[in-house]
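From first to last, the protein sequence lines are chains A and B. If you count the first sequence from 1, position 83 lands on 82 in numbering that gives the first Met the number 0, and the numbers rise without skipping. If you count the second sequence from 1, position 120 lands on 119 in numbering that gives the first Met the number 0, and the numbers rise without skipping.
In case anyone wonders, no lab produced these hints; they're calculated from the structure. Positions of the beta carbon are idealized from the N, C-alpha and C atoms, including for glycine. Hints may be right or wrong, so weigh each one.
As the list claims (entries may be wrong) - From chain B, some residues computed to sit far from chain A (all C-beta separations above 12 angstroms):
#, residue
1, Val34
2, Gly46
3, Ala50
4, Cys64
5, Pro65
6, Thr67
7, Glu68
8, Pro94
9, Thr97
10, His124
11, Asp127
12, Pro141
13, Cys145
14, Arg155
15, Pro160
16, Glu172
As the list claims (entries may be wrong) - Derived Cβ-Cβ restraints for the label pairs, each shown as a range:
#, chain 1, residue 1, chain 2, residue 2, range
17, A, Pro182, B, Gln144, 39 to 45 angstroms
18, B, Val153, A, Gly30, 45 to 51 angstroms
19, B, Val153, A, Glu80, 52 to 58 angstroms
20, A, Ser92, B, Ser18, 43 to 49 angstroms
21, A, Leu75, B, Val30, 49 to 55 angstroms
22, B, Val125, A, Asp164, 24 to 30 angstroms
23, B, Gly76, A, Ala251, 34 to 40 angstroms
24, A, Asp164, B, Ala79, 47 to 53 angstroms
25, A, Gly224, B, Ser129, 36 to 42 angstroms
Now for the letters of each chain:
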Amino acid sequence: MDKDLQPRFEWLLRMGDTSLILAQRLGEWCGKGPALEEDMALTNTALDLLGQARLWLAYACEVEGAERDEDQLAFLRDSREFRNVLLVERPNSNYAHTLMRQFYFDAWHHLALRELEESADPRIGEIASKAVKEATYHLRRSSDLVVRLGDGTRQSHDMVQSAADSLWTYTGELFRNDEIDAPLAAEGIVFEPASLHERWSSYVNAVFAAATLQTPPSNTYMQLGGKQGVHSEHLGYLLAEMQVLQRTHQGAKW
Amino acid sequence: MAADRTSVHESVPVEQIWSWLADVADPEIPVISVVDLGIVRNVEWGGERGAETLNVTITPTYSGCPATEAIAEGIRGALARRGVSHVSLKQQLSPPWTTDWLSAAGREKLRAYGIAPPQCGATEHVVDLSRILQRAAGPAIPCPQCGSTHTSLVSRFGSTPCKALYRCDQCAEPFDYFKPH
Chain A
0 MDKDLQPRFE WLLRMGDTSL ILAQRLGEWC GKGPALEEDM ALTNTALDLL
50 GQARLWLAYA CEVEGAERDE DQLAFLRDSR EFRNVLLVER PNSNYAHTLM
100 RQFYFDAWHH LALRELEESA DPRIGEIASK AVKEATYHLR RSSDLVVRLG
150 DGTRQSHDMV QSAADSLWTY TGELFRNDEI DAPLAAEGIV FEPASLHERW
200 SSYVNAVFAA ATLQTPPSNT YMQLGGKQGV HSEHLGYLLA EMQVLQRTHQ
250 GAKW
Chain B
0 MAADRTSVHE SVPVEQIWSW LADVADPEIP VISVVDLGIV RNVEWGGERG
50 AETLNVTITP TYSGCPATEA IAEGIRGALA RRGVSHVSLK QQLSPPWTTD
100 WLSAAGREKL RAYGIAPPQC GATEHVVDLS RILQRAAGPA IPCPQCGSTH
150 TSLVSRFGST PCKALYRCDQ CAEPFDYFKP H
């Protein structure tokens, strides 16, 4: 791969892997959702994210030019080679956690895709224009549920607040600039992560206010590393399940 | 490969191809065709004289819609049955598919089948927080069975990515709603 293309390849892995890992997490709820409607919502959202992951990773393969396809990226890489943010590999835990992880992600994803629609790389622009329609629908749903459960019963409020607090430390990574984004942002190909922070915060604050939830303190220590391939132990277990078939029967086809 | 080529190729006008594709049913909602859905974006002959290829451009509905591959197979199969075997199918993402491309005939077929067609154009990709905070109801969706607008949303997601689930409060029938997208 041309050295100049390395940042774009890395960046595409971050986008693709983040969607892929969240899709896998949501898929774990299939058949076990707390209500049929929620089961369908989680798995449909997972399907959208999986489709988007495929678009990002297929483009990553073209940029890399190394004759591997998106399936090989998904099923034959190890934890250290994944570039997803830490937030999406958090375990599903209880439903409040799953919902809050989704809300934090959707609020970022929607903003990110709207920026990317204007990318100087037309391929990134067209993937974003496709994905933003789905992300808008996801954000409407997760925002609505946060309000309903936050401003719901005492128990639902406390569970959602607890999830909001414990996942907060994984949100900072979404807005951290590094040497991968900088050259791409300078060319107008991608946004600078930090540039989305203010809009994300004001959106989250508005939803939390309506949901009678407290926004966790802004000086919280933020966990970093996912985008550089340094993951929590949870990703290994997720990959073991996601990759077992291709690892056991290499090249197996549907 | 030249041996199995039949003579129909270059003589077939694209209008004829479009009418053949209008018979290719959507695999998830077989009552409408891939043309009604707006999935087929372009049909044209390409390649050199004597070795023409039919270029068909299609666009996916939702990014992860599993029907996309079945649709491509359906198109290839329908063309092959008419003797058009040299087909190049191209996927195009931009402009992204929208329910605004559903044909008028397609909408009516959906309704007759029991699926309420989209009630409004594809909306801006913004999230109107005030509507969420007020817990505002969406637009009234007429029941495809009895026409009543006394209906309520049961689930934002349904049996396929493109549908939501509603219930008619008048005739008590549950129904699918094809979401504006």
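Hints, one by one, checked against the model:
1. Listed as outside the interface, Val34/B is consistent with that label: its C-beta sits roughly 21 angstroms from the nearest C-beta of chain A, beyond the 12 angstroms cut-off.
2. No beta-carbon of chain A is positioned within 12 angstroms of the beta-carbon of Gly46/B; the least distance is around 24 angstroms.
3. Listed as a non-interface residue, Ala50/B keeps its Cβ farther than 12 angstroms from every Cβ of chain A; the least gap is roughly 28 angstroms.
4. Distance check on Cys64/B: its Cβ comes as close as 7 angstroms (rounded) to a Cβ of chain A, failing to clear the 12 angstroms threshold; non-interface status is violated.
5. At roughly 8 angstroms, the least C-beta separation between Pro65/B and chain A is not larger than 12 angstroms, which violates its mark as non-interface.
6. Not every beta carbon of chain A lies more than 12 angstroms from that of Thr67/B, the smallest distance being close to 9 angstroms; the non-interface claim is violated.
7. With a least beta-carbon separation of about 10 angstroms from chain A, Glu68/B fails to lie farther than 12 angstroms from that chain, contradicting its non-interface assignment.
8. The beta carbon of Pro94/B is not kept farther than 12 angstroms from every beta carbon of chain A, the shortest such distance being approximately 7 angstroms.
9. Remark: the non-interface label on Thr97/B conflicts with the geometry, its nearest Cβ contact in chain A lying 8 angstroms away (cut-off 12 angstroms).
10. The claim that His124/B lies off the interface is violated: its Cβ sits roughly 5 angstroms from the closest Cβ of chain A, which falls inside the 12 angstroms cut-off.
11. With a minimum CB-CB distance of about 9 angstroms to chain A, Asp127/B fails to clear the 12 angstroms threshold, and the non-interface call is violated.
12. No Cβ of chain A comes within 12 angstroms of the Cβ of Pro141/B; the nearest lies about 21 angstroms off, and the non-interface call holds.
13. Every Cβ of chain A is farther than 12 angstroms from the Cβ of Cys145/B; the closest lies at roughly 23 angstroms, confirming the non-interface assignment.
14. Its beta-carbon lying about 5 angstroms from the closest one in chain A, Arg155/B breaks the requirement of being farther than 12 angstroms from that chain.
15. Taking the minimum C-beta to C-beta distance to chain A, about 6 angstroms, the non-interface status of Pro160/B is violated against the 12 angstroms cut.
16. For Glu172/B, the condition that its CB be more than 12 angstroms from all CB atoms of chain A holds, with the nearest at approximately 18 angstroms.
17. Distance hint check for Pro182/A and Gln144/B: the Cβ-Cβ separation is about 58 angstroms, which falls outside the suggested range of 39 to 45 angstroms.
18. Taking the beta carbon of each, Val153/B and Gly30/A are about 19 angstroms apart, not inside 45 to 51 angstroms as hinted.
19. Roughly 42 angstroms separates the CB atoms of Val153/B and Glu80/A, a value that falls outside the hinted 52 to 58 angstroms.
20. Judged by the Cβ atoms, the range 43 to 49 angstroms given for Ser92/A and Ser18/B is violated: they are separated by roughly 54 angstroms.
21. Distance hint check for Leu75/A and Val30/B: the Cβ-Cβ separation is about 41 angstroms, which falls outside the suggested range of 49 to 55 angstroms.
22. At roughly 29 angstroms, the beta-carbon separation of Val125/B and Asp164/A lies within the given 24 to 30 angstroms, and the hint holds.
23. Here the CB-CB span from Gly76/B to Ala251/A is close to 25 angstroms, at odds with the stated 34 to 40 angstroms.
24. For the pair Asp164/A and Ala79/B, the supplied restraint of 47 to 53 angstroms is violated, since their beta-carbon distance comes to about 59 angstroms.
25. A C-beta distance of roughly 38 angstroms is found between Gly224/A and Ser129/B, which places it inside the suggested range of 36 to 42 angstroms.
Violated hints, listed in ascending order, are 4, 5, 6, 7, 8, 9, 10, 11, 14, 15, 17, 18, 19, 20, 21, 23 and 24; each of the other numbered hints is respected by the structure.
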